Every structure is written in structure tokens, then in C-alpha cells.
Amino acid sequence: MLFNSLPFLIFFPFVFFVYWAIKRRSYQNVFLITASYFFYANWDWRFLFLLIFSTLLDYFSGIKIGESEHSTTRKWWLWLSIGINLGFLGIFKYYNFFVTSFVDLFQQFNINLQVETLNIILPVGISFYTFHGLSYVIDIYYRRISVERNFIDYSLFVSFFPLLVAGPIERAHHLLPQMKNERRFRYEQMVDGLRLILWGLFKKVAVADQCAYWVNDIFSNPQDQHSLTLIWGAVLFSFQIYGDFSGYSDIALGTARMLGFDLLRNFNFPYFSRSIAEFWRRWHISLSTWFKDYLYIPLGGSKGGKKMQVRNTLIIFLVSGFWHGANWTFIIWGLLNGLLILPSIFFNTNRNNLEIVAKNSFFPSIKEGLQILLTFSFTTIAWIFFRSESLEKSMLYIETMLTRFKLAIPENYSSRIVFLISILLLFEWFGRKNETVLSIFSKKPIAIRWGIYLFLSFSIVVLATKKNSFIYFQF
Amino acid sequence: MRKLIFHFGLFSFLLAVSLYFFLLQFNGKHDDFYLRLTTPQQESLVIGTSRAAQAINPTYINPLIKPHQLYNYAFSIFHSPFGEIYFNSISKKINKKSKNGIFIVCIDPWSLGVTQDSIHQEITFIEKDFALSGVHFVNQKPNFEYLFFYSTNTLLDKYLNNNKSTFLHSNGWLEVNIPMDSASIQKRFQDRIIKYTERKNSYIRSKERIFWLTKTIDLLQKHGRVFFIRLPVRQQILVLENQVWPQFSNFVSDLSRKKQIPFLDFSERSHHYLYTDGLHLHQSSSKIISAEIGKWIQEQAGRN
Numbered sequence: 001m002l003f004n005s006l007p008f009l010i011f012f013p014f015v016f017f018v019y020w021a022i023k024r025r026s027y028q029n030v031f032l033i034t035a036s037y038f039f040y041a042n043w044d045w046r047f048l049f050l051l052i053f054s055t056l057l058d059y060f061s062g063i064k065i066g067e068s069e070h071s072t073t074r075k076w077w078l079w080l081s082i083g084i085n086l087g088f089l090g091i092f093k094y095y096n097f098f099v100t101s102f103v104d105l106f107q108q109f110n111i112n113l114q115v116e117t118l119n120i121i122l123p124v125g126i127s128f129y130t131f132h133g134l135s136y137v138i139d140i141y142y143r144r145i146s147v148e149r150n151f152i153d154y155s156l157f158v159s160f161f162p163l164l165v166a167g168p169i170e171r172a173h174h175l176l177p178q179m180k181n182e183r184r185f186r187y188e189q190m191v192d193g194l195r196l197i198l199w200g201l202f203k204k205v206a207v208a209d210q211c212a213y214w215v216n217d218i219f220s221n222p223q224d225q226h227s228l229t230l231i232w233g234a235v236l237f238s239f240q241i242y243g244d245f246s247g248y249s250d251i252a253l254g255t256a257r258m259l260g261f262d263l264l265r266n267f268n269f270p271y272f273s274r275s276i277a278e279f280w281r282r283w284h285i286s287l288s289t290w291f292k293d294y295l296y297i298p299l300g301g302s303k304g305g306k307k308m309q310v311r312n313t314l315i316i317f318l319v320s321g322f323w324h325g326a327n328w329t330f331i332i333w334g335l336l337n338g339l340l341i342l343p344s345i346f347f348n349t350n351r352n353n354l355e356i357v358a359k360n361s362f363f364p365s366i367k368e369g370l371q372i373l374l375t376f377s378f379t380t381i382a383w384i385f386f387r388s389e390s391l392e393k394s395m396l397y398i399e400t401m402l403t404r405f406k407l408a409i410p411e412n413y414s415s416r417i418v419f420l421i422s423i424l425l426l427f428e429w430f431g432r433k434n435e436t437v438l439s440i441f442s443k444k445p446i447a448i449r450w451g452i453y454l455f456l457s458f459s460i461v462v463l464a465t466k467k468n469s470f471i472y473f474q475f
Numbered sequence: 001m002r003k004l005i006f007h008f009g010l011f012s013f014l015l016a017v018s019l020y021f022f023l024l025q026f027n028g029k030h031d032d033f034y035l036r037l038t039t040p041q042q043e044s045l046v047i048g049t050s051r052a053a054q055a056i057n058p059t060y061i062n063p064l065i066k067p068h069q070l071y072n073y074a075f076s077i078f079h080s081p082f083g084e085i086y087f088n089s090i091s092k093k094i095n096k097k098s099k100n101g102i103f104i105v106c107i108d109p110w111s112l113g114v115t116q117d118s119i120h121q122e123i124t125f126i127e128k129d130f131a132l133s134g135v136h137f138v139n140q141k142p143n144f145e146y147l148f149f150y151s152t153n154t155l156l157d158k159y160l161n162n163n164k165s166t167f168l169h170s171n172g173w174l175e176v177n178i179p180m181d182s183a184s185i186q187k188r189f190q191d192r193i194i195k196y197t198e199r200k201n202s203y204i205r206s207k208e209r210i211f212w213l214t215k216t217i218d219l220l221q222k223h224g225r226v227f228f229i230r231l232p233v234r235q236q237i238l239v240l241e242n243q244v245w246p247q248f249s250n251f252v253s254d255l256s257r258k259k260q261i262p263f264l265d266f267s268e269r270s271h272h273y274l275y276t277d278g279l280h281l282h283q284s285s286s287k288i289i290s291a292e293i294g295k296w297i298q299e300q301a302g303r304n
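Protein sequence lines, in the order shown, are assigned to chains A and B.
For reference, each letter of the first sequence is one residue, going 1 to 475 in this note's numbering.
For reference, each letter of the second sequence is one residue, going 1 to 304 in this note's numbering.
So here's chain A without its partners, still in its complex pose:
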């Protein structure tokens, strides 16, 4: 069930009204779990058992770790949970990749290995709910949080439908208390949720899906295009992936907010970043902070000097790339981003630009404008690897982009897309100091406010396509 589909348009209002009609919090949670399992089973009911197993594993591991005072027992339960969780992820997501990579490697030495690959499909959301569960168990191990004994509350933390299939990757200390608190219906919160959903849908349907049409065309045969078309294709993909994933995240945040929950913010205007380091503080924030807390810091973080910091940074970017998918393209994408961030580590500028650009003015300075443009260019080049089907194709894309220069308007140029991207950038620029973009209109007269909401809604309907899955569902 996609957020931008008719079934969800029926599912969510039903859940919303029944949920708020239920007065007791515990019953509300039971209802939300039922709804979440239904939502998940709608993808493929067979994987519901995997989700339930993962939930049970982390729930009991958490209790065992929390109850025990013996460090060996605690460690044993921690590694059992980590091992099984990552084991599932490994089998479903990475087994075939490792097998084929080993076979390819041995073939370089004229050794032909006969190893069977698995004919399995990736359970939707496995990377996300596995990380949910892991963060909970690790936090208990390090005594950052206390054990959750209420199985219903814990299950809802793992399987809450707005974040189940593509995040944001929540933390127990942030979301679990919300599962335990009474929720109050507040009109302003509902309107805020609706605004997030509307803006998320606009980014997904009107920007990402429109870009996708041309991106697919350009990336399918880069060898036949000239430089400017390939640059255009890469830029369009930058907006496609942003519209797609941040759009999804906004809808997730909006639906959760309408049910009385506040989820972690996943995007904070990343394309207005002035450096790669800033970009990664603003892009897929819940994953970046997860890797920082559960990988970078345990590895030593920045303690131990520059050498250690560089090593750990490259490790988390490599792992982050690999998390996205079992393909060398993602690994290179991760590595490239890691390399791009290194200058800021060497020059101690990685903690610069913590605030949003032009915080106290409307326009950025020329320097800031150039920095934004340069950062966007670097991330766009890296996205070429992310989007390409194979390393060979990404290299071919870049090679053709650099060599087949022709001064001509890109063949796939579309003024409609330029218009839609301009709206996206304009609204985000105006709203960059707010938590939600559309809240900039909250103080405007109703005619303007509703006029803009109508324009966005109308655009979503008339631009809706059938091929509308979210990119991050494959991760």
C-alpha cells in the first residue's frame, strides 16, 4: 500500500477516525498495531512473520539484557539480537551480492565456482525495522534507556505504519515514551500533519515522478546522449531522489502527526547546504545519526586524531552506501561521499554551517550561493553512481558526459519540470527557517492559503502517474 495510492486514501481516514474514536491509549495502541500489520501484510503477508519474529527477538533480548547484571549474559543477548537481525538482513539483502562477487573474483584467477544464488525477494522495510530494533537493544545494553516490558507498546514502536517501510529510523528514547503517553487531539497538530502530507505528495507526485520519466530515459542509454543532456539527467535525478524520499518522509511525519506522534525529522533542506558535511547533516538525518551513534562513536569517532577520524568517516560512508543496496554502485557512492567530506575534516570545517543558510537575511551571499552550487554539483555527480544499474554504466555515463560535448538544449528538456522544480525550490527557500514548508502560509489570508493548497492538490491529481513506487522501498 503506497502513501500515494487509492488504498491508502481509504485506509488512512478509516484508521484516523477509528483511532480518535477510541478513548483509551492502550486500545489505541492495539488498534494501531493491527492497522500497521494490515498495512505491512498488504505488501506481502508472508513477511509479516519475519516482522513479528524480529519484534519478539528484540523485545525478549531487551528484557534479558535489562534484567541481567552479568556482563557476559548481557553481551551474549546483545550479540544474539545483533547476529540474528543482521543475519536476516544479510540473507535477504546481501547473500546473492556476496556470492556473485566471490564468483566474479575467483573467475579473475580462472577458477570457476558453482555456487547457487537464492531466488528470494527483499522484504519491504527490512533495513528500517531491523535498525529500529537494533537501536533499542544497543541502547538498553549501554543503559541509555530502560527496558520496555509492555509488548504492545514495544511492537508499535517497531511496526508503526507511517515509518515501517522507509523510515525515518526512530530511536526508542524518542518514540517509545510517545507510545506510553496519552495523545490529545489538537486541531493545529492535525492541520500541520495535513500540510506535511500535502507538501510530501507534491514533492513525490509532481516533482519526483515527473523527473523519473526523463531520468529513466536518459539513464537507460547514456551512450546515445550528449553532455548537456547527461548533465540535465543527473540534475533531474538529484531532484527525483530528493522529491521521492523527502516526500515520503514528509507524508510519514504528517500521518504520524495526525495520530498524535512526532517522528524524527529526516530532511532539513539539504540542497541549500554549503558543504558536503552540512549536506549530510541535512540528508536522511535519521540514518546519518544512527550510523554516527551506533558505528562512528563505538569505532572511536574523532578520538585518536585525524587518522582515526578519517578511517571512521570512510567506514561509515562505506557502510551507509552498502546499507542502501547490494550493489557496487552504492558502495562507490558511499565512498565518494566519504572522500568528498575529507577536506572539511582536514581543515576542521566540518562543524561549520550548523545553521540554515541566510538565517538572518533573505538572499545568501555570493560566496554562499557559490558554495551551495558547488555542493549540489558534487552530490549530483555522486548520485550518478547511485542511480546507475552498474559501475560500468555509471562510468560510461560520466565518460560520455565529459567527452560528447555539444552546445545544444538537452533533448529531454521540459519546461514543465523546470517550473515544478522552481516551485519546489522557491517554497523551500521561503520555508527554510520553519520546520514545515507550508507553515509559511499559516498567517496568510485564507484565500491565499487555500488557493496555494488547492493549486498543490490539483497539481498532484493531474500529474499522478501509475508507476509511482518510492525509491527507498527497495532498501
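In short, the hints are calculated from the structure, not lab data.
All values derive from a computational prediction rather than experimental measurement.
Misleading hints may appear alongside valid ones.
When the alpha-carbon atoms are kept at most 20 Å apart in a straight line, the in silico EDC-like pairs for lysine to aspartate or glutamate are as follows [stated by the list, open to error]:
| # | chain 1 | residue 1 | chain 2 | residue 2 |
| --- | --- | --- | --- | --- |
| 1 | B | Lys3 | A | Asp224 |
| 2 | A | Lys367 | A | Glu392 |
| 3 | A | Lys466 | A | Asp217 |
| 4 | A | Lys23 | A | Asp153 |
| 5 | B | Lys158 | B | Glu145 |
| 6 | B | Lys215 | B | Glu84 |
| 7 | B | Lys3 | A | Asp153 |
| 8 | B | Lys93 | B | Glu145 |
| 9 | B | Lys207 | B | Asp218 |
| 10 | A | Lys466 | B | Glu145 |
| 11 | A | Lys433 | A | Asp192 |
| 12 | A | Lys466 | B | Asp157 |
| 13 | A | Lys466 | B | Asp129 |
Derived Cβ-Cβ restraints for the label pairs, each shown as a range [as the list claims (entries may be wrong)]:
| # | chain 1 | residue 1 | chain 2 | residue 2 | range |
| --- | --- | --- | --- | --- | --- |
| 14 | A | Ala21 | B | Ala16 | 21 to 27 Å |
| 15 | A | Leu122 | B | Ser267 | 51 to 57 Å |
| 16 | A | Lys23 | B | Phe21 | 39 to 45 Å |
| 17 | B | Thr152 | A | Ile345 | 49 to 55 Å |
| 18 | A | Arg311 | B | Ala16 | 57 to 63 Å |
| 19 | B | Lys66 | A | Ser415 | 49 to 55 Å |
| 20 | A | Asp44 | B | Gln116 | 28 to 34 Å |
| 21 | B | Lys66 | A | Ala408 | 56 to 62 Å |
| 22 | A | Val18 | B | Ala16 | 23 to 29 Å |
| 23 | B | Phe148 | A | Asn352 | 45 to 51 Å |
| 24 | A | Val18 | B | Lys259 | 52 to 58 Å |
| 25 | A | Glu411 | B | Arg2 | 50 to 56 Å |
| 26 | B | Lys259 | A | Ser415 | 56 to 62 Å |
| 27 | A | Asp44 | B | Lys259 | 48 to 54 Å |
Pulled a few chain B residues facing chain A out of the computed Cβ check, cut under 7 Å [to be verified]:
| # | residue |
| --- | --- |
| 28 | Lys3 |
| 29 | Leu4 |
| 30 | Thr154 |
| 31 | Leu156 |
Even for Gly, the Cβ is constructed at its ideal location relative to N, Cα and C.
Starting from the known structure of chain A, arrange chain B on it as the hints suggest.
The following block gives chain B in isolation, referenced to the frame of chain A:
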């Protein structure tokens, strides 16, 4: 909660109204099929595939068969070969109270056949993947169901359609305006020959389609008189038709005798008409053939 419901309801209403007026703008230039699914139930219909959709223009028949008003409800070989899906769609389009309608049924071997995969021997009923299989409402304007769920591209793309080569008239006739120089015709004709040779190789005669043809005839006969037409095609296409179904006209003649349906066969008069691609009649010939059919129906009616 009440405030939210009221505001959201009002907003949804405004959105629905603006969409309603936007969708009302869709007409024959935006889609080759849409308009047929927006008109009221009809008393007299033209049934068939794209050959009938382009060949039979009610404008030239209706004056000859007064007071009947024919409506062209033929789609394409993908949408409307004879079968359960087309049968159901036709039954929704017919005015249930009508007993005295006129129904022109255009038959050819392709609309009574299916394709079979040579490897897996799998039989494909192609229409299952097209609009008529899922559209429940065929008399609704605007037809939300068709526009939202069975359009191949976005509503905006459909609305801004720059393809000026086709126009669906309000009587269901599909006007096609494409270059008619000899090179263009020859190019399209060659493409058709290639496509139909491929189709011929995987073609099998379908008993199921014949069953649904007879069911369709039974249904139409309850609501008026039925007339069989075999439309002309260029000689080379006719050769292919004769290969997939030798003596097809005899089959139609037998059926017409059995069901007491007059049959007008144009298959041997291919050289009398002009085609856009060897299969579909050009609008100039459509005008001629429509008038001929009108006259023939008039004569048939006079006989009874």
C-alpha cells in the same frame, strides 16, 4: 474534530468542484476512446474494432435510417475483440428499454481469434489488460474511473495532448488525419504487414470468442435488428486473413442465416477504397462506405 472535518470537507469539496470542471473539458481531441464512455445509453450501436471505429461514420448513415441514431461503440483490436469484456460493456451501453434499435456488427477473423505463445502455449485474451475490462461506468460524464485509472499518461499530459492526428466525434466516429502521400501510406502499410504477419503466426481461432459473439448477437437482437458487415482491407491483408481463416465470409454467412441477420461483405471490393495503412479506411472512403451501408440497411428495412 468537528472543525477539522468541516474545513477538510470544504477544502475537498472545492478541490472536487475544480477537478470536475477541469475534467468536463476533456473531449474528442484528448483521447481516442474516452468520449464513448461518457455518452448516455444508446438505442443503436456500431460494434467492432478500430476498423469499424474509423470506417463507420453515423453522420452519413443516420439520415438514411431515420429516426434511428447510430452510435459508434467500436474501440480497437486490443479493447474490443468479441468476448465477455466487450459483451459486458455493450450491455451497459444499450438502453435497456429499447426494442427497436439498429446494430451494425463488424466482424473479421482477428476479432474472433486469440494469440498463443509458441513456447508456453499460453493463450492471451489481450483485452483483459485494457480499459474496458475495468471500467464499470460507460455512461458517465466526466468519467472519473476511466480518466483516473485507465489513462496511460497523466491527466495533464492527456489534456495538453498535442497529437492532432485523431479526433473522436460525439457520435463515436474516430477521425484520423495523417499524411496521405504515397510514401507515408506505403510505410504504414509495410508496418501493418509485418505486425499482422506476426499476429498470423501466433493466431488461433477462438471458440470462446465465437461463443461470446453469439451471446452478443442474442443480446442485440433483444433490442432491435442486427446487421453483419465485413469491412474491406487491402489485398495483401486479405491474403493474411484468408490464411488465418479460409472462407471466413462463409462462416459469417452461415451464422447470418442461422440468426437471420443480413450480411454485407466488402472483402472482395478492396480496390474500391482508400486506406491509411491497408487495414483502416481513410475518411474519404469512410464517408462512401458509411453511405453504402446506410442505403443497404434502408433497403433491408424496406424488405421487411
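Looking at the structure, which of the earlier hints fail to hold?
-> 1, 2 and 7
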